[in-house]
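Line order of the protein sequences matches chains X and E. Residue numbering for the first sequence follows UniProt numbering, starting at 1 and increasing by one per position. Residue numbering for the second sequence follows UniProt numbering, starting at 1 and increasing by one per position.
Hints listed in this document are in silico derivations from the structure and should not be mistaken for laboratory results. Here the structure is a predicted model, which is why all the values come from computation and not from measurement. Any given hint could be a false lead.
To be verified - Facing chain E, according to a computed beta carbon distance under 7 Å, are these residues of chain X, among others: (1) 19; (2) 67; (3) 215; (4) 216; (5) 257; (6) 258; (7) 260; (8) 266.
As the list claims (entries may be wrong) - No more than 30 Å apart at the CA atoms, straight line, and that leaves these computed lysine-lysine pairs for DSS-like: (9) E:211 to X:65; (10) X:277 to X:213; (11) E:211 to X:17; (12) E:43 to X:231; (13) E:211 to E:231.
No residue lacks a Cβ here, since even glycine has one placed at the ideal position from N, Cα and C.
Number of protein chains: 2
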Amino acid sequence: MTLENLLTNKSFGGWHKQYRHPSQSLNCDMRFAIFLPPQASEKSPVPVLYWLSGLTCTDENFMQKAGAHRIAAELGIAIVAPDTSPRGDDVPDDADRSYDFGLGAGFYLNATQSPWNTHYHMYDYVVSELPALIEKTFPVTKQRFISGHSMGGHGALTIGLKNPDLYSSITAFSPICNPTQTPWGQKAFQHYLGDNRESWKDYDACELLKKDKASQAILIDQGLSDDFLEKELKPERLAAAAQENSTNLTLRQHEGYDHSYYFIASFIEDHLCFHNKHRG
Amino acid sequence: MTLENLLTNKSFGGWHKQYRHPSQSLNCDMRFAIFLPPQASEKSPVPVLYWLSGLTCTDENFMQKAGAHRIAAELGIAIVAPDTSPRGDDVPDDADRSYDFGLGAGFYLNATQSPWNTHYHMYDYVVSELPALIEKTFPVTKQRFISGHSMGGHGALTIGLKNPDLYSSITAFSPICNPTQTPWGQKAFQHYLGDNRESWKDYDACELLKKDKASQAILIDQGLSDDFLEKELKPERLAAAAQENSTNLTLRQHEGYDHSYYFIASFIEDHLCFHNKHRG
């Protein structure tokens, strides 16, 4: 396994690094970024927050715009940001090159339909392949937290809920909570997973929470001036499912905030502190 | 005078806003961004930090990447980020479209040479036209601080030094300190200002400081792993000139940090606090 270091920047006494590596799950080269806080060393490994980004993003958006390094450096938490889909000339894209499906829109699932099932296995990549590589390579513990934004909030919720033994706590900003019932999700699931709508439920946070109470604590922040709130996100449905089975879910709604990274930056400190409370 | 609001985002309880307006100094439409902290109101106007960006940047880079809103919101300081050059189809660019001259590289001076002198008057825009517009439009006081990065550090230093009554304090990240003697500066000054090298000195922080002791306090941060340090920046020459005439200049040098926004984000809090100490 080759791991190519593309970029290294000192940041808040720690290090931001960008890497490229061949991915077996995705059958292509992938890029990811890691922030290593100053505390991280072989003698004192640190837990890892996996951050899953939204539609059109790469590993770069969160690292550059969220302002998360400051508090991660203070708390001693590493952050890993994968890309949002497989990449490369061989990877099929939406015929219309739309932003909400295909490249940049992997939806953190394992596609079952041709031609998507050759590359689009972001679920396996995020849950298994990438953490194995991270834990082998960097001074980190096996403790994982998970968070994300929009499509990545959907990824954080579904991956966290399905793997309670792997993720200590879950947070999300403006997540797609009920994708089987909303346009972005339906378009993507139709292509990646096909006609059997029962199979879609395995990647829907509302459906997963209706089936089983979450064993982890969950924090969700949602801006009330978010243009996508009403049509695509549906956090109130997730909060209702959580209340139904006494899942420990906090949904905070913020007047005036939109879907942008300015919203994420405004509250990322709370998310890192929330995860830090659940550190082993 | 029309002022078109292009973007509004709530951020840390305040507001990030992007505007377009016709500029008389620059003879074209210009875009700028402003962060208004939650404290700013007609009854309690706040001082303004003018942030000047580096080569290739626009009004967006600092607002998105510096993580400055958090501390500006805490201290009650507005931030204004202009673009780095005149813009538009009519504005002449470098024939080679290089990154270090022409569009995105106005060097915060008033060009005297054709064809540049029709539009390239960033000095007048930043010192006079933009602040007049800001002070007329937003709930701010007439107190100004100035800061910037690289070419914008050069802008902050030269504009601040030449206008001690207008700017209470000056800071810079990785500034071009002696552009009459270094390649980026020489290339730009040759085109914008012509052959008379005496006229260049009016836009060189080292030359200005040799001529007159600064009346304001100055803080400069410089990364020691900055690829441009040796060839283009020369902060040690500015520190020597300051020592010579007892100017209150602090040059901090940081092991491992480079020329990127990760460096700026790591220390921007110190700069805002430095300016805040000089608030009236």
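- [ ] Of all the hints given earlier, name the ones this structure violates by number, lowest first.
- [x] Per hint list: 1, 3, 4, 9, 11 and 12 violated.
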